[in-house]
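J.: Going down the list, the sequences are from chains D and B.
Note that UniProt numbering has the first sequence beginning at 1, numbered continuously upward.
Note that UniProt numbering has the second sequence beginning at 1, numbered continuously upward.
Bear in mind the hints are in silico, worked out from the structure with no lab data behind them.
It is possible that some hints are incorrect.
[Said to hold, decoys possible] Reference listing, derived: stretches of chain B covered by chain D, where coverage requires no fewer than 3 residues with Cβ under 8 Å from a Cβ of chain D: (1) 76-83; (2) 257-268; (3) 317-327.
Every residue gets a Cβ at the ideal spot worked out from N, C-alpha and C, and that includes glycine.
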Amino acid sequence: MAEPKTKYDRQLRIWGEQGQAALEKASICLLNCGPTGSETLKNLVLGGIGSITVIDGSKVEAGDLGNNFMLDESSIGQSKAKCVCAFLQELNDAVKAKFVEESPEALIETNPSLFSQFTLVIATQLVEASVVKLDRICRRGNVMLIFARSYGLTGLVRISLKEHNVVESKPDHFLDDLRLNNPWPELKQFAETIDLNVTDLVAHKHTPYVVILVKMAVEWAERHGGCLPSTREEKKEFKEFLKSKTIALDEDNYKEAIEASFKVSTPRGISSNLRQIIDDSAAEVDSTSSDFWVMVAALKVEFIANEGDGEAPLEGSIPDMTSLTELVTGFVISSAVNLSRTLLLSSYDSETIVLLYTYKTDHCQLSCRHYVNLQKIYQAKAEADFLVVEQRVRNILKRIGRDLDAISKTNIKSFCRNARKLTVCRYRLIEDEFNSPILPELLKLLTDEDYSVAVGFYILLRAVDRFATNYNRFPGLFNG
Amino acid sequence: MADAAALVSSRWRDLDKLLLRPGNLVGQNFEPGPELRDDLQEYAKVLVVGAGGLGCELLKDLALSGFRNLDVIDMDRIEVSNLNRQFLFRLQDVGKPKAEVAAKRVMERVTSVNIVPHFCRIEDKDLEFYNDFNIIALGLDSIEARSYINSVACSFLEYDSEDNPCEDTIKPMVDGGTEGFKGHARVILPGITPCFECTIWLFPPQVKFPLCTLAETPRTAAHCIEYAHLIKWDEVHSGKAFDPDDSEHMQWVYAEAVKRADLFGIPGVTYSLTQGVVKNIIPAIASTNAIISAACALETLKIATGCSKTLSNYLTYNGLEGLHTKVTEFVKDKDCLVCGPGVLLELDTSITLQEFITLLEEHPKLLLSKASVLHRKKNLYMQAPPILEEMTRSNLSLPLFDLIGQVSKDVVHVNGMTNKNGKKTSSLRKLRVIFKGIDGVSDMDTAGGA
Ligand SMILES: [Zn+2]
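Chain B extracted, bound-state conformation:
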């Protein structure tokens, strides 16, 4: 037993150098001492979103940084093409859920850590699940998923009567992303630093070829491939959906693309390019993922302990020609729908929940369809799953005013679908509702939040 205790304390020999000693570059509320490590291990709960290239690294780095309570969520299963960088997986793991294997492997080697895996979609978890964590670390490869987690983390943010963010409602996020030799790491403190949506313009729109080019004037190999994939497939396989993971389907598209390219004298169609174009494959290497994840894990440690000042607020890394890094301090969009105080809706006390949901669909700032409505952890109406829909359906005909306890103003969360660049995406929005003609709002002081 004595040996085990000694092992535990000497394992953190190097971490203690950061946590026990004062310094000049530390965070604002840094209080060095052994209690800090104890607190970190006892209370800090971190959620890692994604168990891919970044997620594997993040779990390892966070476990080695002294965190003891980690969760990881990922809906994917392990594929052979992951093995060049997702170092927690082996060939015999192919087909197994990433989150589960990743959690198990890290726990095997770093015995002090407890990692709870969640093999599901991020949308499958309710708000309470996310609220349980002190920090959320994102290792994702899609804009939609980032946007969703961002809206969840921002939904916890409350503002005081002066429209200043309440500090204890801030849910910090650390976000990493890579593409080939390039990557970024950023710290998002909702209400203080820009959220993902504030700087959505950083992500350029995806290149889409006009259908007419594909159909009539292909000029590049990619045009020929997209013709086979988007036009020819449907013409030949009426009704049968194309499955990018079915290699027979991919072979068919490849063969058609080659025919097309020959017809127009266009070089360069290969099977590998066909896969790349059809599945929109992002190139990825181990070292970029390791560098970006290490930056994210360190920021997570700094946020949790204050042992050093945090990144403010966006790091870009480029290892393409030599090596370049740059830190940019982006500013918040004060009108941001996601991290701002929330869209203000002035309502009649008579409005029913059903009418409220219809209003969200037509509201020019929201345009939110199929909304579920949440008030203070209580589901007022849920679109899914069917059992919850049935349980909450009777609320639709009741006045919203009564449903939220007849208060003059409050915050409600709505979760529905919005249209982003022609693509339906899940969106969570925070709304400030105020009821007309009720005491306390006659002065039109509409700034108050919850």
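Bound conformation, chain D alone:
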């Protein structure tokens, strides 16, 4: 067996050890192993899903060989579930692969409790009535359901579960958590230790932009009755104010400060998205509440209003910031890389270089220390926030009669780090969607350029399945 870390390296770089552990704990049930279902499982098996159970009552026909790679000529006449399962097992021996040679439709009728053992059911190509029934079974058993339907060159995927809570939602673009609009005392104190009015060009260039913005915001507020720039005019003025503080043309840190100056003006407090989550009735927790909602309750009850100063826990990381410019590089490289040094020797004598080198190095290390110290201040604040939230989580656990250590430190930490990005998804019952579609929503989407085609196909696919239910065959000019 290969070292799993090496085998899964390319995906571990996305979802980490924690994500992989969740994957390896999951057990998946597939209903109908046509091409859609088989390919779905293939991609899960390769990634190391815990276990799979393939349920399909049909035998392999020659026509199946034209669309399903998991089957070959030797499969003809045999159980499709068995053949697909055997191929999938070959892909990854770490996965537990099982099959049941029975019709999914029949099992939904006769053995509904079968499904409660799975983490997630993937139902493909099921008739309407079976989907509706299966959906109810899964809801009751707290099993996640993914319903997939493919039809020629079109298809649809529908997720159905009561609630899906994401802590590490890893959104694509999300504003960093620098808290420049609401700096806490330690950050302000740190900024005060750095003098921006140095005449030394190199030192001036080496001040991280976060420090510049914290200090300039304070200065601005002093001149504007304690207010930060908020109107368009003021923001423009603030940028000009920053520009006026530069002493050379190529000060990248000031350019960064100007670019990031809007971060001083962003509204304080939590986002409407987070507000909605903490105001959710699920945040009134009792002994049946999930860990997620217990942690939300900890945020809601007091943290945000007290220690948080109206904010969520601090994330604790800061983006990289440049603090060196082209002008200095020539000399510094010369000292670091011998090759460059010899090149420069043609125009400078070695003593000058050594002198310049020591001089610049001092400042470089100063700037590096600034950055690392700044990082430490953010980390310390994040750690302090975490400790407060943790205490609240323990208190709540005690109150609702659960074990004090029921939620691990790691999970609370991750929750705090991602507090601004929490996501709660809820899905309607498929039965409700079928029986009482939200017509105004559909009509709106039909006229929306970005969605009209997709919604058109959605309606067509629904019509096709209803037709199949009523007439026991699919519509079309020709057979099949």
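Use these hints to put chain B with the ligand onto chain D, whose structure you have.
T.: This is chain B with the ligand only, laid out in the frame that chain D set:
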């Protein structure tokens, strides 16, 4: 025998639904019928470039889509870290050429298909090799390789006297790419839709850390790793090249990076991150590759049969937060050096091949060094391999005009090196040469191509 024939025809039960029936969303010249499937299987030849995450999927999907003549080219061997997505490979295949194993596995399961593997670099094949295919499907992970295949496919394109692309010289390409949860699929019809070079700006330049940051002011774990990799290694191992595939080398860089990070109080240096930074590893998962490849294979089928309208012309897929797809219709750069009618060079009939090659090096639009010159499938001069260089060397002193058969104007292909963002890359360029003072060009109608 009867059984075998029945198996063959019923295997395509589902494909026939697309190929035998008329429809409303079909391509322009779609003619449904059983002959279409026969033609697809008999005549359509597709080259799959790359046998990695996308290539494995493409080969499977194309074989299942009814294609019977496939080739695959890849220079890599199978590694353990491929196994989380390159589903045609098993642990016991590690170390074997990807192209060969991939071809064999697909042929074992889809008996109707014939796949010819090529275990070599894409630059090792001549133009004729590429010209033999009807469609080229790209499953690559590097900009340079895409750029090269693009220039090859575009080199076949000819323009008529009105500067319109000649349809029978268009070599369609279908290109896929993925990174983690994101991917793209695009259809390139040279001369009609933008080629890879027309929209090269879609690929942002790679982040490189300034050496001074690495040397003096590291702030992140990546800075410490690159310091150990780019600076410290050379200082300590004078002359010995760093080999990213040698785990001892990697361990050394990791250990140095940790020391460096400790010195500056920087957290986060791990062995995994060290590998990622040094080898510039792109994260990859099975499902993104499967989705993108499926889109590419379907486009390939649509181009070959016309059974449905093709993607116009660039699909982006993002499965990161929910799932989003978007199709954008990019436009061609009419001045594109690669898919345009070709750079025009007005020459004296006396110019020798050697002088012509020197001219390419100095031409501001081309800046092409070490050029090999091709005219109508004939090698006029080849820089490599040595045996061809020797055979063609005598041409250098001959006039180009004589070498191409004393015609007033024609197209020549030159293959050499250009400098792209400080990186030397193989580039193929199409040139329109016109000789001064020869009949037919006195009116300065310079639009004519071949
Ligand atoms: Zn182009």
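J.: Tell me the hint numbers this structure goes against, listed in increasing order.
T.: none
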